[in-house]
Every structure is written in structure tokens, then in C-alpha cells.
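*Asks:* From first to last, the protein sequence lines are chains A and B.
Residues in the first sequence are numbered from 261 upward in steps of one, following my numbering.
Residues in the second sequence are numbered from 261 upward in steps of one, following my numbering.
Everything labelled a hint here was simulated from the structure, so no lab data went into it.
In this text, all values refer to a predicted model and were calculated from it rather than measured experimentally.
Honestly, I wouldn't trust all of these hints.
Since the list gives no way to pick out one identical chain from another, each pair is judged satisfied if it fits inside one copy or across any two copies.
List time: in silico DSBU-like cross-link candidates among lysine-lysine, alpha-carbon distance up to 35 Å [claimed, not checked]:
1. LYS532 x LYS455
2. LYS532 x LYS570
3. LYS555 x LYS262
4. LYS325 x LYS454
5. LYS325 x LYS555
Here are the chains, one letter per residue:
There are 2 protein chains.
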Amino acid sequence: MKDTYAYGELTELTETLLVTLYGYSPAEAKITAEVLVEADARNIPSHGVSRLDFYRGNLKGGFAKPRTEPEIVYETPSSLVVDGHDGVGPYIADFSVSRMLAKAEKQGSAFCSVRNSNHFGIAGFWAEKAAARDMIGLAFTNTRTCGIPTFGRERVLGTNPICAAIPCGSGIFMLDMATTTVAHGKVEVYDRRKKAMPSGWAVDDTGVVMHDATAFEKLFWANPQFGGHLYLGGEGEESGGHKGFGLGLLVELLCSGLSLGAASYDTFQTGKGSGITHFFGAIRMDLFGEASALKAHISGILDRIRNGAKAEGQDRIYIHGEKEAEARARALETGIILDEATCNMLESLCAEAGLTNR
Amino acid sequence: MKDTYAYGELTELTETLLVTLYGYSPAEAKITAEVLVEADARNIPSHGVSRLDFYRGNLKGGFAKPRTEPEIVYETPSSLVVDGHDGVGPYIADFSVSRMLAKAEKQGSAFCSVRNSNHFGIAGFWAEKAAARDMIGLAFTNTRTCGIPTFGRERVLGTNPICAAIPCGSGIFMLDMATTTVAHGKVEVYDRRKKAMPSGWAVDDTGVVMHDATAFEKLFWANPQFGGHLYLGGEGEESGGHKGFGLGLLVELLCSGLSLGAASYDTFQTGKGSGITHFFGAIRMDLFGEASALKAHISGILDRIRNGAKAEGQDRIYIHGEKEAEARARALETGIILDEATCNMLESLCAEAGLTNR
Chain A
261 MKDTYAYGEL TELTETLLVT LYGYSPAEAK ITAEVLVEAD ARNIPSHGVS RLDFYRGNLK
321 GGFAKPRTEP EIVYETPSSL VVDGHDGVGP YIADFSVSRM LAKAEKQGSA FCSVRNSNHF
381 GIAGFWAEKA AARDMIGLAF TNTRTCGIPT FGRERVLGTN PICAAIPCGS GIFMLDMATT
441 TVAHGKVEVY DRRKKAMPSG WAVDDTGVVM HDATAFEKLF WANPQFGGHL YLGGEGEESG
501 GHKGFGLGLL VELLCSGLSL GAASYDTFQT GKGSGITHFF GAIRMDLFGE ASALKAHISG
561 ILDRIRNGAK AEGQDRIYIH GEKEAEARAR ALETGIILDE ATCNMLESLC AEAGLTNR
Chain B
261 MKDTYAYGEL TELTETLLVT LYGYSPAEAK ITAEVLVEAD ARNIPSHGVS RLDFYRGNLK
321 GGFAKPRTEP EIVYETPSSL VVDGHDGVGP YIADFSVSRM LAKAEKQGSA FCSVRNSNHF
381 GIAGFWAEKA AARDMIGLAF TNTRTCGIPT FGRERVLGTN PICAAIPCGS GIFMLDMATT
441 TVAHGKVEVY DRRKKAMPSG WAVDDTGVVM HDATAFEKLF WANPQFGGHL YLGGEGEESG
501 GHKGFGLGLL VELLCSGLSL GAASYDTFQT GKGSGITHFF GAIRMDLFGE ASALKAHISG
561 ILDRIRNGAK AEGQDRIYIH GEKEAEARAR ALETGIILDE ATCNMLESLC AEAGLTNR
């Protein structure tokens, strides 16, 4: 079975499938394909074309409605609030971010909250659009619930990622992180390998830490309300779990709070759209002086950190975004390699659409 | 010995000591006393009047120079860059934040980077000045080095706190957190109690995790370069240590990067000022609609989280800032209780200044 795709080939195939099988408009399909394939190219397969399955489920569940235009419901010279009307996430995000960047060009900075959207792919894709224009880029989103507050046992918040992109001399400092300790995909890997989860990952339905990935997998899907992921720093306060929970809650208040949209605990309600909310920001570097001088100074800081003494047995300190940029360069050269499950899914979608896939 | 002070009494005493013994101007003394006593009132004694010792060391070391005026070195309608010229941290922060807030009132949002400053007290004190005006407030600072990057062993970054304040119906959501797992004061407590540190706190000079708080205390003060604190998420990548490191690095790039000031690894160099840098931001709530509606929505989200099911043995989920607000209310009623070491220090400063302290 075909498992390696050229970047352009995978993008085109994804686009075609989204139009023919999913009912996406050509514009919705184009931006969705781009953000999914970018994730695969960067070796973030959890957010790559494997998401086509999840996206189809959202269509069936009525959570996402293709061929829907987003609407600006409030705006000022440096801000906008967008209602996505349950449309396609990447299309809504693109609509929002492009308008926000135009405002930031004029005003120095601009911000945008979005309600009634859907999964927008990797947050970094949106934040780096600002960085490409010499701005600091911010992108946050809430998600389906999976996370447990410190001292709680009820799943009320999502993975609620934080993403910040800062342009530097060469490339971009790109922090793009779930505020939960790990995303659920990591649990699945530990389950398959029968490996014990460390303490800071998950709790059961009474709020007690779990180590058994297989048992947690079962509980997570059987019980929609209790037990779930811990936030960065893990259980309780001793190793800072309340800080990670605070970061997740901050993301919730920016996304849902500032859009009057659904909080994570109110997303994916039967009979409604998913209700996902986002928050974006862009701040021009030249608010603080000559952008080239600032970028050179930032590069110098990153070089010093990168070149710091390594722990025994380690030979590299990674700056955030480097691994992904290197993976992308490799993928453009030698192609994108997909895992077996994703290849099978593509195969069957192609068969359904009457396409050959070689 | 006197160990309980009324809020106003402790403020006045601190102010007097700063003028008579430290050579602060009355204005520098007033704002410094206020931010220190606020920390004690909120039960954050690590940033309270106990800091008078550290501040005096900074005077002796030439790191801070009282009676120095900060200077705006660059500005736009929605931003400013301030050079503190090695003056008094809280005075420089007050100068910067008040001007930034005036810009944000007019422009919708404003940002400020600061170089050549000094310790500014609790970050929350500055962020909440924005929240009090119905703005989202941000405050970040770098610090003396103490932290180790993921896969490193060299102390290159500081505790680099993140602080975000969001106004809500009643009170303020206030996240104010070191990006290191814990601040050094926590290690001192474990050392005194002969308690083992958990895995995610610290590494030795070869980059290996340490549990012995006493041994780490020794190493930390004996070796200025190698071994130190881990960032939120702890060692390596399995529990997200690279995320906490990324947050600390983000703070560094905002503070030092956008001010062209010293990075943490270049602070406190003999013969120079401390070189501490800050970054502040303020974003008006009404960029996103009617502020009162947004605050009510945010309050509703916080209520839902607060009222979520508790883990076994727990009876409360704390929203960030609640513990401190409650401690402050108690302190205003019954006074601020200081620990023995701080009382001794105050006693001896009073004796030196020829003040009675009863």
C-alpha cells in the first residue's frame, strides 16, 4: 500500500476528498487540506490527514456544516469577534486571522475571538501567519472536554493549547503546546505498548492518579464525565499542577470568555454545532523598535540557550519549533510518510470517491 | 517580639526604612512599600517585606541605584520601551504600567518592554492595575538565573513568571506563576523539614534529577553555573518538561528580547546593574463587546469550574487568585502576621534607623 506522498500530491488528494465526499466548498477544502498536510509534514500526525475521520464524524453528528460563511458580529479598528455559524474550522480561522492581521498592520496590534467554530488544525499554522509578517502571533482554542481541574474529578476543560510564535533571525520560535500534560494520542501509544503512564498524566473517576494506560483508555471512552487528563504539572499542587490547570483555564477564558461562546464543557452537545471557540492575537515587532535589531537580539538569546551545557547523555537542547521545521524540510525533500491506519483510511476514502491512489 | 502589623502600619514602616536607610526617594519608597506589603497581605511572604534584605544586597552590590528616573527610549501610540537605568524596580514598573494603561485607554490595547530594571515585586500587582480598568492585564519578568532547559545542565534562565489578570463579575481571575516547577523558597522549606523533593523540581550539575533538598541547597549556592531548577513538567519530555521550559523561554523573549535588554544569563554581572527586564500588556475587554456581558459570561464559566465534582478527600477547587484575595481580606481585618526571620530583620532595621517598633 502507498505510504509516502509528495506534499503537493497529498494536499491535492485531501482537497479532492473533502469536496467530493465531505461536501466542502473548494475554498473550505483548500485551506483544510493545507493545514492538515502541514501537520503531517511537520511530523505532528495527530493533527494531520488522519483527522479526516474525526472531521467526517463531525459532519455526521451535525457538529460541522460545510458551505457556511463566518460572520463578523463585533469589531473595532484593532479587534473582531467572529461567529463561525458551525462551519469548517480552518476556513473560519483563515477568515478571522487574515482580517485580524490587516487590522494589526494598521493599528500595531489586533485581537480576535471566535465562537461556533470547529477544530482548526495545528494552532501553530495560524500563529505563524503573524510571525511571517514580523508580528508576534498568538493562537488558542478550547476543545472537547478531557481535562480535570486540580482537586477535581470531573472533565470540564479541553486540551486548551497555547501557541505563541515569535520571529527571529532565521526561522520562528514556535511554542505550540496542549496545556494538559499530554494529548490523548500519547495514552493510546502507552496502551498499545502496555507501558505504565507516569504520575502526572491522568486520574480515574474518583480523582485518583492512574498508571494503567489500558484501564484509563477504557474509562475515558466509557465515562464521558468523570476521570480524565491532568494539566501540566500533574496532580495536586506539589509539582505545580495548579499552574497547568491555570493555563488551561486562561485559554478557556480568552476563547470562550471573550467570544461569549461555549466553554469546553458545553461543546459537542447533540443537536448543536460543536461550539468550539478560538482566540487569536498579533503584535507588530516594530512596536518595540527596529524589527531587524529585535530579531537579531532574540536570535542571540536562542543561540546561547541552544549552546548551553547538555545533561549527561544528551547532545542537543531543542528550541521550540526546530524539530517541526526540520521534519518539514525532510518531508519536502523525501515525501510525507503516513502510518498504516491513515493509509488504510485514505485508501478506503479513495475507493468510495472512485479515485485511484497510487 | 512584634509579629502582627496593621496593613497601613507595615506600609508606613517599610516606607520610612526605605527612605532613611536605603536612600530611596519618597516616591520610590511609597510604591515599593505598597507592592511588598500587598504580597504579605496576600500570604505570598516570599515577595513581601522579607525582600528588604535582598533589596539591600542589591544596593550594596551596585545592582540597584535609588533616586534614578526611568526613560522612555522608544514609543508608538500603543507601545513604549522603557530604560530603567538600574533604578528601583517597583518605581520603574509603575512608571511603565501607568503610561501603558493611558495608551491602552485610547488605542484599545498597549504593550511595554522594560530593560535595566530591578525586581518589581509580585507580577500580579501590575497585571491587576489593568484588570481594575476592565482590561486584560499581562506582566512578565526575567530574573536571576536558576533554571535548566530540557536536556541541559546549565543555569541559563530565571523563574520567569507568567501573569495574566482577567476581570470577571466579582474579583479577578489572576494567574501568577513562576514557570519553574517551584520557586527556590520551596526547596528551603523541604531542606528545613528534611523532606525529599519530588522528581520534577531540580537537577544536579550533571543534569540528573535530585531528591535531596539539603544537597541541592548546597549545590545551588556553591555552584553558580551548573545544576538548578526544572521548569513546569519536570525532567525530559515525558511529562511535558519541554513545555514548561518553552513557557520560561517565551517570557525571556518577550522581556529581554523585545527590550534589547539583558537575558537572565546576563543579569547580576559585577560592575553593572542587575539588568532585569519586564514585559507588560493591557487589552481592553470592550474590544470584544460590552464589558459587563463578557465579565458575566466569564463569571459563569468560573462558577461551573468551581462547582465541578471534587476528587475524593478534597472539598474545594480553587480559581486562581482566590486564595490570595481571601488572605488579603483576612489581613485587612486582623493584621499581617510575619515570620520570625522577617520580624528579626525589621527589628534590626528599626534599631539601625533609630525607630521604635512596637
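*Asks:* Would you mind marking each hint as holding or not holding in the structure?
*Replies:* A quick look at each hint next to the structure:
no.: 1; hint: LYS532 x LYS455; result: neither (38 Å within a copy, 52 Å between copies)
no.: 2; hint: LYS532 x LYS570; result: between (51 Å within a copy, 28 Å between copies)
no.: 3; hint: LYS555 x LYS262; result: neither (42 Å within a copy, 53 Å between copies)
no.: 4; hint: LYS325 x LYS454; result: neither (39 Å within a copy, 60 Å between copies)
no.: 5; hint: LYS325 x LYS555; result: between (41 Å within a copy, 30 Å between copies)
The structure does not agree with the numbered hints 1, 3, 4 stated previously, though it agrees with the rest.
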